[in-house]
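Engineer: From first to last, the protein sequence lines are chains A and B. Going by my numbering, the first sequence opens with residue 1, and the numbers climb by one from there. Going by my numbering, the second sequence opens with residue 1001, and the numbers climb by one from there.
Derived lysine to aspartate or glutamate pairs resembling DMTMM-like cross-links, with alpha carbons at most 20 Å apart:
| # | chain 1 | residue 1 | chain 2 | residue 2 |
| --- | --- | --- | --- | --- |
| 1 | A | LYS427 | B | GLU1384 |
| 2 | A | LYS355 | B | GLU1024 |
| 3 | B | LYS1098 | B | GLU1017 |
| 4 | A | LYS438 | B | GLU1348 |
| 5 | A | LYS434 | B | GLU1093 |
| 6 | B | LYS1411 | A | ASP240 |
| 7 | B | LYS1411 | A | GLU244 |
| 8 | A | LYS426 | B | ASP1375 |
| 9 | B | LYS1078 | B | GLU1053 |
| 10 | A | LYS427 | B | ASP1375 |
| 11 | A | LYS411 | B | GLU1348 |
| 12 | A | LYS391 | B | GLU1017 |
| 13 | B | LYS1009 | A | ASP328 |
| 14 | B | LYS1166 | B | GLU1042 |
| 15 | B | LYS1078 | B | ASP1130 |
| 16 | A | LYS391 | B | ASP1196 |
| 17 | B | LYS1241 | A | ASP106 |
| 18 | A | LYS98 | B | GLU1401 |
| 19 | B | LYS1009 | A | ASP332 |
| 20 | A | LYS355 | B | GLU1017 |
Examples of chain A residues lying across from chain B (beta carbon under 8 Å, computed):
| # | residue |
| --- | --- |
| 21 | LEU218 |
| 22 | LYS391 |
| 23 | ILE392 |
| 24 | HIS393 |
| 25 | TYR406 |
These are computed hints drawn from the structure, not numbers from a lab. All C-beta atoms, glycine included, are put in the ideal place defined by N, C-alpha and C.
There are 2 protein chains.
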Amino acid sequence: MSDILSKAKAARSAFIEISTLTTEEKNRALNRIADKIWQNKEDLIEANQMDLEDAEKAVKKGVISEAIYHRLKFDESKILNVVEMIKSIASLEDPVGKTTYAIELDESLELYRVTSPIGVVGVIFESRPDALPQIASLCLKSSNAVLLKGGSEARNTNQFMFSLIKDATTKSGIPEGWIQLLDTREEVTCLLELNDYVDLIVPRGSNSFVRYIQNNTLIPVLGHSEGVCHIYIDERADLDKAMEICMDAKVQDPSVCNAVDTLLVHREIAEKFLPIMVDKFNKCRVEVRGCPVTIKIMGDEVKTASDDDWGAEYLDYIVAIKVVDNIDEAIDHVNRCGSHHTDAIITEDHEAAMKFMRRVDSASVIWNASTRFSDGFRYGLGAEVGISTAKIHARGPTGLEGLTIYKYYLKGSGQIVRDYIGKDAKKFTHRPLKKIWK
Amino acid sequence: MSDILSKAKAARSAFIEISTLTTEEKNRALNRIADKIWQNKEDLIEANQMDLEDAEKAVKKGVISEAIYHRLKFDESKILNVVEMIKSIASLEDPVGKTTYAIELDESLELYRVTSPIGVVGVIFESRPDALPQIASLCLKSSNAVLLKGGSEARNTNQFMFSLIKDATTKSGIPEGWIQLLDTREEVTCLLELNDYVDLIVPRGSNSFVRYIQNNTLIPVLGHSEGVCHIYIDERADLDKAMEICMDAKVQDPSVCNAVDTLLVHREIAEKFLPIMVDKFNKCRVEVRGCPVTIKIMGDEVKTASDDDWGAEYLDYIVAIKVVDNIDEAIDHVNRCGSHHTDAIITEDHEAAMKFMRRVDSASVIWNASTRFSDGFRYGLGAEVGISTAKIHARGPTGLEGLTIYKYYLKGSGQIVRDYIGKDAKKFTHRPLKKIWK
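Just need the whole structure built from these sequences, with the hints factored in.
Structural biologist: This is the structure we're talking about:
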């Protein structure tokens, strides 16, 4: 506990320093990190090689999967991607220091609301060698101090990457405490108790892991639980468009949170749509599970869906299909069984689309496009911290803005509240100001 | 449990309806509530009379304080204030439906981020007869459904007020489930477990109560723990201004969260400032507790501060004074002992002020004005949900905006993600749009 406490305290005191850096200072440091990584690519690959050797043994023992082994590998082209990603974060607009509200309360009494970093952020992330530099860069750009804990499979890669980043930023005049690496799982358990020192936790990983974190800390958690995504094919859908979109949303990459799980099909077009759609799915080895009406139309080309299928997140080549009587039933199903992540309607009817979009309570509601677009990069937010399923602070694909909050600055000339109270009270002018804080 | 669960479910399904109301519909309903309350003022006063009679007995038994008794009283002038407050909420800008980001991802593929209600909000509030109508009006204006639990001392007043509001809104075509009244403490305990149905809890009341709520629910909490406020009197302060501001911040109303608790006085001006300041405090029966240097200057006019005084929230006629060597010591003290609520610097030195404002990590940082200005109404936000000491979502004085989040709307024409991936990938245009969603 004492070790992680001292790391958290060091991060907190460095946070005040890093929160006062200029945009130029931060960008210079980010570019320096990128250069440092590129200069040390051979040593990085060597460190990664140690992780890969351990992972190979673990794969043989059946302790980790082949997929994790492949994700772990850091070669020159992946390092180049990381370098480019850091440079692109440097080129993004500074999310900190923006005036979002300015008002004169009275003569010479001016109020400004200015975006600011959150403070100390704890990030627990998966075993991917590009995760650490991405998270560190996002935190630096948003002037937050960061406590990092990566997957143990990437231990050597992370340790070396961390030392490169720390070295590059220290040489850029950034207090070294701003970035801290946690070594053990026990440190994560301790971290969850440090609500006096840590302002936000960002867990990345499986749903059960994110839920575990949420259930075991008083620190706010910015996370993503499930992505149960629906596509509703309306009676006035262009069926070719619908089939293209459903295929893309299911098979382009079924392992991701914005892949579709359930199709809701309007009764009027079910007999025309289902045979072709199911055939396409079958050709791509997608298992289709249907409601009784779907079964009636498709026979044994489709398995019978159980109650558990409505609201299931498959992350696999499986899709559930339900025939609905009308758009209201579809909306109700999505709001009841979904996870408020990403849901789509396919229709040529403007009014139906508007109804669906207004009434579906999800972070992203999509009309005539694939659910797979719901992603920070595709949404033009630059790098992504994650896709939040929270309903406060940050919702949906979350970029740098999700790592900021704001401060109120009030600049007076001796005003006191007593003068604005009671019988002869002075009145507030509350006149909007077209000025920014600096 | 079943009763509160059915209330929460009813609120959730009403939320979808209320989230689609137009600004005009909401404002019409708000004005109807105001009229209804004014028309029924005699019956309201009568319901309140029942609460007052119970409270009188409780005061005699020593169960509740005189202060609570007085706060409970609802007379015609207080009812008029409530009516005006509701009408002023009707006149505020609609916080929902504002486009805050619009970008073309590609031709005929447009993304909009639009402010939206959070969903179902649970509010637990103190025994003041104006709390229920204020909270209900803020939730209606921001299109949230609301579960309300008021202090039991105001039971009859709240019950009658609730029936007036429900009646007025139902007559305005708003689904009656949108507002629910909880009757017992047990229902609050159950409410804390309903994280599948309730999106946000707003507890109002004592620090210990807010902390209890935070520690006992997985639902996000928008609350205010402590307000430990500092004023730093810099070596280049205008001492007359400083004394006026310190007096105002302490004695105008010491029972509130933005009253000052600790003065930090620069060593250079301590001998000049302290004798006059302490004399003023003594004249207003403010107990002064000083650090060793303060004691050295002031002798027994000042009590000795203990370690517990640094970081104490007094809510009373008590102030602690510490002499500091320089601005850095002051900033460090505020960040270490404060509660990140509201802190001020008094100085004529622009550079010192900027340093203090940048480096003090508080929701409101004030230069040459009283800490007491930190308040939603004074900040021009209209009605206030509360002052948040959270560092995510909403920070500082929180108005209607704190009851909103956003949704992404993506409008396409059949686009799929596969076309934007791989070798011949289409490029995103990511061209900002000067359009709003409607």
